[in-house]
Amino acid sequence: MKKVFRMKNLDCANCAAKMESAINKIDGVENATISFMTQRLTMEFDETKIDEILEEAEKACKKIEGDCSIIR
1 MKKVFRMKNL DCANCAAKME SAINKIDGVE NATISFMTQR LTMEFDETKI
51 DEILEEAEKA CKKIEGDCSI IR
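Sequential numbering from 1 applies to the sequence shown in this note's numbering.
Worth flagging that the hints you see were computed from the coordinates, not collected in a lab.
Certain hints may be false.
To be verified - Distance condition first, Cα-Cα at most 30 Å in a straight line; then the derived DSS-like pairs of lysine-lysine: (1) K59 x K3; (2) K8 x K25; (3) K18 x K8; (4) K3 x K62; (5) K25 x K2.
When you get a sec, could you build the whole thing from the sequences and use the hints?
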């Protein structure tokens, strides 16, 4: 499944690159890209694990930039 999510409080392009790398390492994620300019996360993932994947992605983002979040 491919889905696009809005990012909130993404303030740094370098942080976006780090988040993208961390999200791509999550089990069940086939591909993830973050666009700093559009504040969007585009992710291809196993739809049976959507809640687990989004929770892990949110944790990864908060580790890098504490006030950043993914809007579902």
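Checklist entry - What are the numbers of the hints the structure violates, in ascending order? => result none
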